Amino acid sequence: MSADQLNWLLNLFLSMQLSIAVLVIVSIGLAVVFGMMGIINLAHGEFLMLGAYTTLVAVRAGLSLWLAMVLAAAAVGVFGLIVERVLIRHLYGRLADSMLATWGLSLIMAQAMVLIFGPSTQGIATPIGNIQIGSYSVSYYSLVLVGAALLLLAIVFWVFTRTRYGVMARAATQVPEMAAAVGINSDLINAGTFAFGSALAGAAGALLAPLVGVMPTMGQAYIARAFMTVIVGGPGVLSGTAAASVLLGGAENIVSYLSTPFFGQGALLVLAIVLLRVLPTGLSGRWQRQL
Amino acid sequence: MNRESESAGTAMQRVGGRLSAELVWTVGLTVIVVVASGLIPEFRALQFTSWAIYGLLALSLALVWGHGGIFSFGQGALFGIGGYAYGIAAINLSGMTGETFSAMIAAVIIAMLAAVVLGYFMFYGKVGDVYVGIITLATSLVLFTFMSSTAGPKYRVGNALLGGYNGMTGVPPLSYGLPGSESTPLSPGQLLAFTVILACIVTLLVRGLLRGPFGRVLAGVRENELRTQLLGYDIRFRKLVVFAIGGGIAGLAGAQHAAWALFINPIVFALQQAAVVVIWVLVGGRKSLPGAFLGVVLVEGLASFLGAGGGSATPIVLGAVLIAVVILLPQGLVPAVHAVAQRWIPWLRQRPADIPSPEPANIREVLIGASGNRHTAVLEGVDLRKSFGGLMAVNNVSLAFRDTGVHCLIGPNGAGKSTFFNLLVGRYRPSSGKVLFGGSLINGLEPHERVRRGLGIKLQVASIFPGLTTFENLWLAAYARLRVTATATERAAQILDWLELRAQAGDAAGALSHGQKQWLEIGMVLAGEPTVILLDEPTAGMTKEETARTAALITELGKSVSVVAVEHDMEFVRQVDVPVTVFHQGSVFARGSLEELRRDERILDIYLGRHRRAIA
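Residue numbers (the working numbering), protein chains in the order written: chain P, 1 to 291; chain C, 1001 to 1616.
Because the hints were derived from the structure by calculation, they are not lab data.
Since this is a predicted model, take the numbers as computed values, not measurements.
C-beta: ideal position from N, C-alpha, C; glycine also.
Misleading hints may appear alongside valid ones.
Unchecked claim - Just some of the chain C residues that point at chain P, by a computed CB distance under 10 Å:
#, residue
1, PHE1073
2, ILE1135
3, PRO1315
4, ILE1316
Claimed, not checked - Estimated spans, in silico, between C-beta atoms of each pair:
#, chain 1, residue 1, chain 2, residue 2, range
5, C, GLY1158, P, GLN174, 49 to 59 Å
6, C, HIS1338, P, ASP187, 27 to 37 Å
7, P, ALA180, C, ASP1129, 20 to 30 Å
8, P, LEU150, C, GLY1389, 22 to 32 Å
9, P, ARG277, C, TYR1165, 30 to 40 Å
10, P, ASP187, C, ASP1234, 40 to 50 Å
11, P, LEU211, C, ARG1211, 54 to 64 Å
The shape of chain P in the complex, shown without the other chains (with noise of 0.2 Å):
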């Protein structure tokens, strides 16, 4: 083999790995709210924008990146606080209305940062250089994403078996009549829940904003793959989300490498339609663990 092919190959990889790790980004927190308390936040996406605009108001503030990054999740977690309280609550058990909500929900986030912001698309500068492999020259941010997709992975899997609100949200999530019964909140625990899903998606935003650019309507071009990998992974959060990011994003990145994006995309949703129709409940559907 060449050293020419060796380039091309690792370059493959280091791109697939990429997409992979996009995808957990985007839909873990997604997951959480989804597979935790079985409501789909359709403003998903703006929250992920949303956190987007705080790491750039902060950055252009003269935060650092990093530290950006972490106000953006804590602010947009804060967000989804109120939002909880304020419309999601009143809709437990409605599980068309509660995205129809959401929907309205994220037709008006997306208005409002046009009204505040302006339509255009604003850049953050990555924040680190590149590396060459051969003729390819690959973002070392790009590296930092795979890294950031593993973190949120663990910060996951630490938040809901080492911690009592984490124990105590599965156990809900499992029985909730018998939940209730031995004592555990389920309105505290839901509001909880829902706050940590939109802190992920805020992280998400932040960490997608220096690579993509922000603009309003920048959560509607990753919701409908958050989807997706969401359906196709099943009832196990972390373990269904990961392994759908991987078969998807796997899939779409060698297409679009070897053809377009434009078929890449429309490989992923004929793979994830075509999944379905063999695994109707997901991935993650028939394992054991339900994490």
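With chain P's structure known, arrange chain C on it following the hints.
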């Protein structure tokens, strides 16, 4: 004329009367619009045309979601597919044919096909309701990205450039003419008249479809999918049909819209467009067909009013309207107004439907059916095994049930009797072994296919259509078998009398007492003229009197057909006094009459959890 055909006659007249009243309304409205279309200014005519087109799109969602129970966000996408299909067909063909109506028909067919493909994966994949919503939404969004990236001359179909984000331009208007000659486009007034007439025709056709048996079965699917399936209806197919029809209507609207606007761009696939369709229908009322059009007029009227002021706030207002309607008025405007109107205007109140009083039927006659050519079948499980993970829930069970008589399956919790029952029903596939029915292998058949072959299934929790009347419940069950409206009505009435539920015929089935619900379900199973009836705990949660009545009903059934009952209640087993099979740890443990089994110490051990005494 005897009494029953007389009452059937008046029922027919009433339905006819209602339909013709609707026809008068619609024709009247059409005449007004056609006359007005010549008088109003052109820009108004164009605006009203677009509202009528959107109304058609909203109608497709009211049909698919409100009546079909399919939570589709994809109507906007099918609308877009129709629009692009019209554009491509019209640009390429109108030069030859001299008109564009054929392109419109092509667009309807293509949108319908797209809906069939998407629907096949969703409904035959048994994807859950919510997932349907997300898959349709994601499909629209992917189409949006897809069509947006088709800029440049290489993306073309014949002479039609797809045009990327800016869309396809130069779409020919709706025009008529002869092949080879110059085509004549419709004037704005003509276009309005044509659109409104077409919308009225489609609405009346949909209304007719929903009034007929297809619509009643759809109501069943919406109310209780499982029960509808267990009556022998193929719900996947029905959902696919309704989704395809909805897709065709959305495609028709899309074609008309492309012809009206003279271009089409990927915005039709965007989230906001998909949202707007749902908002129209929500505002009007999910199930209301006129509500679809009213929703469009209200929301678009509001939007165009706002558009004159601060246009950029429109999405915010739409979003707020969506949230407000979901929280404050979940049923929509038309049903809410209708409910208020009914209170004040007695004429609007629904009158109970006439139910014929047929000659009381012998239950044997009902079971054997009008045709009489019923061959007795035997249900048999051979070497059946079913494991869940490492647990062998049913281990090597062989059991055959005779052509008549009642047979009880008993056993402690976890003995495997319910799993065995579900293997017979078809909700589980056996890990190994065979299920035979009338001598043929039915292992791979879906429950509804087994029901069609003569299996009657009653699950443990009363599974009825709570929102339909008692009579409608029985009618749906009878129609599943008979497929003739009038005969099904008569059969339903006979069973109603047999169950002694005539007084409750017009009540919502959900309001019946617990025992009455169970009997109603037994009656529904009976209406399917089964040869073997499977009952899972028919007396669970019943009072003593109700249990006795149920035992009597089941004993009577056992004289004509084979009845297999899984039961916990020993009182019931004692009353029916039939052969009993005891399950224990996944296997058949003992068989015999209850008296014989009562003398068996081992069975008392199982039930009481006693340890075996050491045999000296």
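Hint check:
1. The criterion of a C-beta within 10 Å of any C-beta in chain P is met by PHE1073 of chain C, whose closest approach is roughly 8 Å, and the hint holds.
2. Hint status for ILE1135 of chain C: holds, given a least beta-carbon distance of 7 Å to chain P, under 10 Å.
3. Look at PRO1315 of chain C: its Cβ gets to within about 4 Å of chain P, closer than 10 Å, so that hint holds up.
4. Among the interface hints, the one on ILE1316 of chain C holds; its C-beta lies about 5 Å from the nearest C-beta in chain P, closer than the 10 Å criterion.
5. A hinted range of 49 to 59 Å for the beta carbons of GLY1158 of chain C and GLN174 of chain P is consistent with their spacing of about 57 Å.
6. Checking the proposed 27 to 37 Å range against HIS1338 of chain C and ASP187 of chain P shows it holds: the Cβ atoms sit about 36 Å from each other.
7. As the Cβ distance of ALA180 of chain P to ASP1129 of chain C is approximately 26 Å, the hint placing it in 20 to 30 Å holds.
8. In this structure the hint that LEU150 of chain P and GLY1389 of chain C lie 22 to 32 Å apart at CB holds, the actual value being about 31 Å.
9. Range check, ARG277 of chain P to TYR1165 of chain C: Cβ separation about 31 Å, and the 30 to 40 Å hint holds.
10. The hint said 40 to 50 Å for the Cβ distance between ASP187 of chain P and ASP1234 of chain C, and at roughly 42 Å that hint holds.
11. Range check, LEU211 of chain P to ARG1211 of chain C: Cβ separation about 55 Å, and the 54 to 64 Å hint holds.
When the structure is compared with the earlier hints, no violation turns up for any of them.
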